[in-house]
Structures are given as C-alpha cells and as structure tokens.
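Here the protein sequences come in this chain order: A and B. Numbers -4 to 110, taken from my numbering, label the letters of the first sequence in order. Numbers 32 to 144, taken from my numbering, label the letters of the second sequence in order.
None of these hints come from the bench; they were simulated from the model. Virtual Cβ for every residue (Gly too), placed ideally from N, Cα, C. Among the hints, a few may not be true.
As the list claims (entries may be wrong) - In silico DSBU-like pairs for lysine-lysine, Cα to Cα no more than 35 Å straight-line:
hint, chain 1, residue 1, chain 2, residue 2
1, A, 68, B, 93
2, B, 102, B, 75
3, A, 50, B, 93
4, B, 75, A, 73
5, B, 58, A, 65
6, B, 58, B, 82
7, A, 68, A, 50
8, B, 82, A, 50
Said to hold, decoys possible - Pairwise CB distance ranges (calculated):
hint, chain 1, residue 1, chain 2, residue 2, range
9, A, 21, B, 99, 29 to 35 Å
10, A, 80, B, 33, 19 to 25 Å
11, B, 97, A, 0, 31 to 37 Å
12, B, 59, A, 93, 20 to 26 Å
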Amino acid sequence: AQTVTQSQPEMSVQEAETVTLSCTYDTSENNYYLFWYKQPPSRQMILVIRQEAYKQQNATENRFSVNFQKAAKSFSLKISDSQLGDTAMYFCAFMGQTGANNLFFGTGTRLTVIP
Amino acid sequence: NAGVMQNPRHLVRRRGQEARLRCSPMKGHSHVYWYRQLPEEGLKFMVYLQKENIIDESGMPKERFSAEFPKEGPSILRIQQVVRGDSAAYFCASSQSREDTQYFGPGTRLTVL
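So here's chain B without its partners, still in its complex pose (with noise of 0.2 Å):
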C-alpha cells in the first residue's frame, strides 16, 4: 500500500511564475490537508480538502493561492505569482476520516528566485 505521494519534490520558481504541487493520498484516504513549513519552524496548516470540497481554508493567504481535491486525480496546491516568501517545504497529509491519524507525503520544497 503506497504511501502519500507528492510531487516533484523540488520546484524551483522565478518571482512572478506559478507553482503547482500535486499530492495523491493514500489509497482509501478521502480527507487531505496541506501545510507549509518555513525554514526552522513546524508545519502551518493551509487548507483541508475532501473530494471535490474544500473544507476549511482557514490558514491559506487570501490572494495568490488556491487548492483543489478533484473527482479524479490527485490534490494540486496552485500559488500564482511566486514571490521570495513563498519559499518553504509545503507538505500534504491525508487520513480515512477527519479524526483518523494523518499520514505525511515527503514534501515539496519550493524555492523562489
């Protein structure tokens, strides 16, 4: 049973381009949620995602950013018009039920010129 899955696992950008990170959850898995890690600091939750729903995207910025869990395929996290502060390692998590363990991809680490 293959694990949570994100790719690629490094994305360089230049300031102004786009980023799209993608994350199949584990097989059986519905609920998937996205975090952002800066340098020396723990996860920040973004945004958690059911198929087809965005649950709560409490801790997503408001511009720039949007996240998408469609019927078919994997979760893509989209941040538009990268600037230098987008830089971080963003993970994505996914359970069987809300309060079910949440088990980790190896992250995207994202880096911005």
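Bound conformation, chain A alone (with noise of 0.2 Å):
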C-alpha cells in the first residue's frame, strides 16, 4: 500500500523568509507523479506543484520549488519569500502510474507566515 507522511504538523516562518515542507512516501512502484497541494482558509484544494518520477529535473513555480530524492523517497517543498497569502495548509500526495487509480495524501503541515 502506498503511505505519504507529513512529520511536520505545523510550521511558521517570517515573511519574506524561505521554508521547507518535509514529504516522504512509500512506494514499490518504479515510475510515479508526486504533488504538493496547498488548502488556504477557504478550503479549495489549489495545485502547488506537479512532480513525475521519472523526470530527474526538480519542478519549479516561481516561488515554489521541489527536492525530489527518488532513492530515499523524499520529496520537499521550497517555498522562497514566503508571503502572507501562502498561510495554509500543505498537503503532499502521492499517485501511482499503475496500480490504485487515486491520489494518496499526507495528513498535512500547517503553514503560518508571520508578517
């Protein structure tokens, strides 16, 4: 079964400072997409950043950034000048090339940027 872990429940960073969302998973799959949503107050679950297994090139979106380390099953998110509009709720998620037909998700971590 595929498990995606959170170990961080809640963080805080100061305005205009860098973050990082910590993310392991589970797998025995070789080939898989990994993505990192962000669930502001209104609770609309918002795509952050995509993820494939197989690309060795870390995605980026602007501020946001990934380390992916296929080896060790790790995948955190970088959040550069965090700004006030990115308090929320992380989740990273987990979905298999083949086998179940979902997104598998983290129980989250509880972003607060401090103005």
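Dock chain to chain to rebuild the complex, using the hints, since each chain is given by itself in its own frame.
Set out below in structure tokens:
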C-alpha cells in the first residue's frame, strides 16, 4: 500500500523568508507522480506543483520548488520569499502510474506566515 | 475556462435524510474523483468514475453511498440515511486522463444534525 508521511504538523516562517516542508512516501512502483496541494482557509484545494518520478530535474513554479530524492523517497517543498497569502495547509500527495487510481494524501502541514 | 464546480457548497441534513452532492468537471475532462476530508485530516479517496462507468469504488463505504456520472449532466455522490459520522467536506476532482493532474472543486461541507 502507498503511504505518504508529513512529519511536521505545524510550521511558521517570517514574511520574505524561506521555509521547507517535508514529505516522505513509501511505494514499490518505479514510475509515479508526486504533488503538493495548498488548502487556504477557504478550504479550496489548489495545485502548487507536480513532479514525475522519471524526471531527474526538480520541478519549480515561481517561488515554489521541490527537492525530489527518489532513492530516499523524499519530496520536500521549498517556499522562497514567503508571503502572507502562503498561509495554508499544505498536503503532499502520491499517485502511482499503475495500481490504485487515486491520489494518496499525507496528513498535512499547517504553515503560518508571520508578518 | 471554468474550473471544477460543486454544489451545494454547504448542506445540512438531519439524521436519516438523503444527501446529494453534485460535481461538474472542468471542460474537456472525462475523469472524476470523489474524496472525503474529515476535520483536521487529509483527503481520502472514495470513488473514480468516467462517463457512465464506475472505474474504482474501493474507497466507498459498502452501504448507503453511491456515485454516478451520467452521459449528460454532473457527477452525483449520493448518501442515503445520513448519520452524524458522515459530516465532512466532500471534494470532487477532475482530470483529462488517469495520469493527468487532478484539479479540485471548492468542496461541499455536509453537516448532519
């Protein structure tokens, strides 16, 4: 079974600083997809970034980047120049290329950006 | 291009009543997924559908819950004889294909009194 672990229930960061959120996962598949979703107080689930396991290059989206370590099964999210609007729950998610037809989510990290 | 639409956004039901949750996928998306989020938890998969077909319902409770995605119209998640434990946020997501990114709707918050 696929499992996704986020070991940091809560984190905080000063505005304009950089923060890294951790995520590890367990799978026997070789090809898969990894995601970070953001859930602000509005409760909407918003895609932050996507990574394909076959790509060695780490994905980036503006201030958001990932550190994907396939051998270690680690997928951390780095947020640079943190903004107040980044305050939200962040969920790491996994989907295998074969097998189960759904996303597996971690329990989330609540990030607070302090002005 | 409108995103994933869900309605109602909030739904209150008394124990024993039925709840119907609707989801219209993004234009061009034929794959729909339903997830449930209990308070302070991550999302848990319930069911995966394509037009007129249930592909995977391994996360759906065996009783009282059903889902459909007809040829015309939105996908429907139906909960019969609701109980207090059904209170949760129910999210719908859609994608162009199984491997494509899933985009989420705003969710329906179900409260059972």
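Comparing the hints with the structure gives:
| no. | hint | result |
| --- | --- | --- |
| 1 | 68(A) <-> 93(B) | holds, 33 Å |
| 2 | 102(B) <-> 75(B) | holds, 26 Å |
| 3 | 50(A) <-> 93(B) | violated, 39 Å |
| 4 | 75(B) <-> 73(A) | holds, 25 Å |
| 5 | 58(B) <-> 65(A) | holds, 34 Å |
| 6 | 58(B) <-> 82(B) | holds, 13 Å |
| 7 | 68(A) <-> 50(A) | holds, 14 Å |
| 8 | 82(B) <-> 50(A) | holds, 31 Å |
| 9 | 21(A) <-> 99(B): 29 to 35 Å | holds, 33 Å |
| 10 | 80(A) <-> 33(B): 19 to 25 Å | holds, 23 Å |
| 11 | 97(B) <-> 0(A): 31 to 37 Å | holds, 32 Å |
| 12 | 59(B) <-> 93(A): 20 to 26 Å | holds, 24 Å |
When each numbered hint is compared with the structure, a violation occurs for hint 3 only.
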